[in-house]
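Asker: If you want the building blocks of each chain, they are given just below.
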Amino acid sequence: MSNQLINNVFGNEISSDDVLDLFAQQSGWEARYRQIILLGKQLAALPDLFKIEEHQVDGCESAAWLVARQQDDSWQFYVASDTRIVNGLLAIVLAAYNGQSSEKIQEFDIEEYFAELGLTKQLSPSRSNGLHAVVAEIKRLTL
Amino acid sequence: MLKKVTNLNQEQNNAAMRAQFPVLQQQANGYPLVYLDSAATTQKPDPVIEAINVYYQQDNANVHRAAHCLSARATQKFEHARDLVAQFINAPSREQVIWTKGATEAINLVAQSYGSLLNLGDEILLSTMEHHANIVPWQQLAQQRDLVIRVIPLTANGELDMNAVSELLTERTRIVAITHVSNVLGSVNPIAQLVKMSHQVGAKVLVDGSQAVAHMPVDVQALDCDFYVFSGHKMYGPTGIGVLYGKTELLNAMPVWQTGGEMIKKVSFSGTTFNALPFKFEPGTPNISGVIGLGAAIEFLTSLDRVAIHNQEQVLLAYAKQQLEQLSEITLIGSPQEQMAVISFVVKGEHHSDIATLLDQQGIAIRAGHHCAMPLMDALGLNGTLRLSFGCYTTKQDVDAFITALQKTLEFL
Ligand SMILES: Cc1ncc(COP(=O)(O)O)c(C=O)c1O
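Protein chains in written order, with this note's numbering: chain A, 1 to 143; chain B, 1 to 413.
Don't take every hint at face value.
Said to hold, decoys possible - Heads up, simulated DSS-like pairs for lysine-lysine below, C-alpha to C-alpha not over 30 Å straight-line:
no., chain 1, residue 1, chain 2, residue 2
1, A, K51, A, K104
2, B, K247, B, K266
3, B, K321, A, K51
4, B, K348, B, K321
5, B, K266, B, K348
6, A, K41, A, K139
7, B, K321, B, K266
8, A, K41, B, K348
9, B, K101, B, K247
10, A, K121, A, K51
11, A, K41, A, K104
12, A, K121, B, K348
13, A, K41, B, K408
14, B, K408, A, K121
15, B, K77, B, K266
If you are wondering where the hints come from, they were derived from the structure by calculation, not from laboratory data.
Looking at chain B on its own, in the form it has when it is part of the complex (with noise of 0.2 Å):
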């Protein structure tokens, strides 16, 4: 179960939390692994593994169903962790927590059920920094229902262009579709104050916080947003499963997306009745294991000091970026004044894919390409960056092991 990683000093502590990192104990082309991709996926502790695995062991049976023990059980451990879900993000009540099957999912629902209450030529604001799970559903919509797409842009170090926001919120617009943590530059975007501005002019916000809970308290009621969006893999816990968060009225307000059993009051040949939220919004047999290793990961991550683990973080984004500035080949992309344990960097004269491949060959894994945000480098005038990302287990050896191998790369070429 869960080590208690207090009193000790840094290295014990890293060690500590390393040692519940299975993935981690291992090595990658004859080097000891040093996993730097967290923002892509997140490595998953042992009470997340071990969670599912007794749930499959012990406990699997389909939820809100039948009246025997196991089906009890599953369902109570199920609903458990919407409860813990919705205290980690501090969502008012526990029917505001939508399983979605991650990010991805939570914004097409959002786009095509809320979406649907939208007409000719509304607007909806994105910005340049989003990944395409947060610009692609919103094209789609756009596209069938006549509505109109407006980027914000980034400043140059790789910020929200503030300054052009208040022009581009009209009383035409409906919807500010918004990346919490960008997953490129690591830019931590002002969501209550865009959230304040949208809500003047009346129109709503979806806030994207895939790459946001993992690292920072997330307080729904404080961003007063009305969508919020996240990944379970990111945040230490399993794929395939994730939150839709929703104000209350809106929630109720949106059609039904997907259709099927669960999520039904009443069928007959003639017409059917709805069931209430959260279960309007997650039709069939849910990602019940998905959602047990979800819970897991939230105890997981709430039993950290978090506030240590993100003075680490920080820690560690500046010893990086400082020891990358010495490579006279290497670029930094951005530099915002709040970052998040993601850094982007280009190396002049290569190409990204070499330079990563050749870190593999040494054990080291990073990132090279778009990162799904191909808007963001056709403004960046970029093809690619190389990406690192930070979790709540990474060292100082990890980046020291990284630059070793970036060092001797760029000799290599």
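Same shape as in the complex, but just chain A (with noise of 0.2 Å):
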């Protein structure tokens, strides 16, 4: 495996709307479920060298990683976890994220974009699967 950051085609080449677009279609939870898992596979491998306490995010029950980059104005970020329904909600996190500058960031309702796409209670703080956190750090950096 590489050591690179490789930046992920979400939020780059495949934004918010192209996932409202693609969930918009899928009806019943096994569609969507398997559109997550499908986008999860699409997630740019995060080298094991990134994969450390500094990056972790609490999940509780599933561990996930965040790796943030800022370029002039833009935001990159790399994510893993070792699930892959949050690899899943990851991809669709960044689709939102990348690319973004901060103000961007802070001004986009990621409530709303999930409960568009039919996916709020995998947001919500009570979930153990790091998705919460991992937002809430997104924003954290960008404030």
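Got two chains here, separate frames each, mind docking them using the hints?
Answerer: In structure tokens form, the structure reads like this:
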């Protein structure tokens, strides 16, 4: 595995609107979760050397990592988790945030976005999947 | 009130039982709810909910204080629940039943109070399968008082390694804190034997009965244990209430832990004298509705044919294991000789949280993770398991629905 951070397609080629369109075509949990898992598979692999405590985000029942880089005015995020579904959900988050400025990231209504996707519960802080913590960390970094 | 569930066939029995649990009558994510997480907390039957409602609607008053009739009624119900608990675990006297917030607080009480009598180099013996609630309070104590913690390892099938116990018990062992039933593996530990061995070296034994009380008869005198703790919410009662049972001479010798009102005999600025058992360990206004709800839960449990319920849970356990074993991707974790209402398993190549999320989409509630037993996970070389656990309302239909949903999940991934 390379030690380079590779930019994700999410947010760079696949936008949050693309994700919304994709999910508008899926009905039922099976179609939605199949799509989530497929998106997760398209995440760029996070090199192992970045999977250190410093980048770990609390997920209680599953581990997640977040690496952030800012160039000029725009952010790129690199993520990994050890579960398929969380990877997919992270891809969905990155579709909204990658390539954006701090301002745009602060403005973006992530709750509304997840509600439209029918995934509100996955973003809830009561879920121990780490997604809420990743979003909170991205918002903190871009304050 | 309680519906008698005898003299009916199995299906009618199940329906009558489930009808008493309002939570079970609902859909989850568009599917009928299948609740297989009773080891985390059991659902509550109507008589428990009713008892709590009646208390707040008709009897609410502070206990042990006022001369008025409401307080007398509340106190009477509150103290009656203590009698019920004493009978339920066959405690020699009601004063040996102390109300706590739960098993966790009961263990903390013993660790801090009895623990304060321990000295440098004294040893505490725990086991690999303990819940964090029966590890961390002892670790804290060990740090405070320079004590040594030793740990009983497990055999390959997930039982206590009894051969190791005889070596780990020394004349320095002061307390052995051990679970009655593992919340991850379901293993039932040979408590009476452990108590006998521990007493031979002069050690006291605290038994964590959290996962036992709802599923098997508990007789603290037959076990001869020194302390027995459990939580109400895992035995059909409310959250926020639990029990510490202790031997009278130990409880009397132990210093008070938390202090305040209710637990005193006389207070002046030159000093305070403390109340007798059980009040000595019950400072402040207690969880009155919780106590009354727990009393109702015990009445509910004792109204059941507990042998029949136990047998039903054992049949379901064997059935679920057999069904799981037919799925090649599944590995069952542990195969203890005696197992109680809990099964852990892992799925080859899949993360437990993905499986649990997809089962949840199909209305199946099971637990995924380390189950507050990280040292056990480390010993097993796992980062978590999936756990299904049963209660008196669990049916074969629940197990079938779970297996069907699991198969669908495996095909899906
Ligand atoms: C074996 C065991 N001990 C202790 C506890 C802690 O119980 P509580 O959180 O109700 O105090 C639990 C609950 O999960 C348990 O399963």
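Asker: If a hint holds in the structure, say so; if it does not, say that too.
Answerer: Against the structure, the hints come out as follows:
1. Proximity of K51(A) to K104(A) is assessed by CA-CA distance (about 27 Å); at most 30 Å being required, the pair is judged to hold.
2. For the hint linking K247(B) to K266(B), the alpha-carbon distance of about 25 Å falls within 30 Å, and the restraint holds.
3. Under the criterion of a C-alpha separation no larger than 30 Å, the hint pairing K321(B) with K51(A) is inconsistent with the structure, at around 37 Å.
4. Between K348(B) and K321(B) the alpha-carbon distance is near 16 Å, which keeps this suggested pair within the 30 Å criterion.
5. Distance check on the hinted pair: K266(B) and K348(B) sit about 63 Å apart at the alpha-carbon level, beyond 30 Å; violated.
6. Proximity of K41(A) to K139(A) is assessed by CA-CA distance (about 25 Å); at most 30 Å being required, the pair is judged to hold.
7. In summary, the hint linking K321(B) to K266(B) is not supported, as the alpha carbons are separated by about 58 Å, beyond the 30 Å threshold.
8. At roughly 19 Å between alpha-carbon atoms, K41(A) and K348(B) fall within 30 Å of each other, so this suggested pair holds.
9. With a C-alpha separation of about 20 Å, the suggested pair K101(B) and K247(B) falls inside the 30 Å cut-off, and the hint holds.
10. For the hint pairing K121(A) with K51(A), the CA-to-CA distance comes to about 27 Å; that is within 30 Å, so the pair holds.
11. A distance of roughly 26 Å separates the Cα atoms of K41(A) and K104(A); the hinted pair therefore holds under the 30 Å criterion.
12. Pair hint K121(A) plus K348(B) holds up; C-alpha atoms about 27 Å apart against a cutoff of 30 Å.
13. For the given pair, K41(A) sits about 20 Å from K408(B) by alpha-carbon distance, which is consistent with the 30 Å threshold.
14. Distance check on the hinted pair: K408(B) and K121(A) sit about 22 Å apart at the alpha-carbon level, within 30 Å; holds.
15. Taking the CA atoms of K77(B) and K266(B), the gap is about 26 Å. The hint holds against a cut of 30 Å.
In the structure shown, a violation is registered for the earlier hints numbered 3, 5 and 7, in ascending order.
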